[in-house]
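**Q** Sequence:
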Amino acid sequence: DPGCEVCDELERLLSSTGTERMADIRQDLQAVMMDDVGVFRMAGQMQAAMDKIGELQERYRHASVEDKGKHFNTDLLEAIELGYLLELAEITTASALARQESRGAHSREDFPDRNDEIWLKHTLAYRTGTGVELRYKPVVITRFQPKPRTY
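Taking the working numbering, the leading residue of the sequence shown gets 1, the next gets one more, and so forth.
You may find that some hints are simply not true.
Claimed, not checked - The calculated DSS-like cross-link candidates involving lysine-lysine, where the alpha carbons are at most 25 angstroms apart (straight line), are: (1) Lys-147 with Lys-137; (2) Lys-121 with Lys-147; (3) Lys-121 with Lys-137.
Since the hints were derived computationally from the structure, they do not count as laboratory data.
Make a model of the complete structure from these sequences and hints.
**A** This is the structure:
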């Protein structure tokens, strides 16, 4: 099917002869997100995570699935999921790095306070040819007024 990006990605994964294992990339991604983009965040750690995620995305482009079958292929399914996880990790990290405040579960040690004047807005992320583009949309307050979360 011409122009079918999903078909092209499936074909790439099934025909790749790379020696990189998807499980190793997934494990490394889990470590990066836990260590550098966890509950308590700092700009330096998140920037390091962006670099590491880029490296993992490059490894993913050269990885292959072991099971080349086209029916009930859980190896292929996990590889597809990993591709999406890598995209989401990049988006999450870029969004968290840009938001210079602490709000809810987003806790920046270098920006410990909530800043409604600047950051009371939704983050919208878009994939571009060069990475992630962030845009913002105002929050419409209806029933519940914003207030600090305390744990």
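**Q** Against the earlier hints, flag every one the structure doesn't satisfy and list their numbers going up.
**A** No hint contradicted; all consistent.
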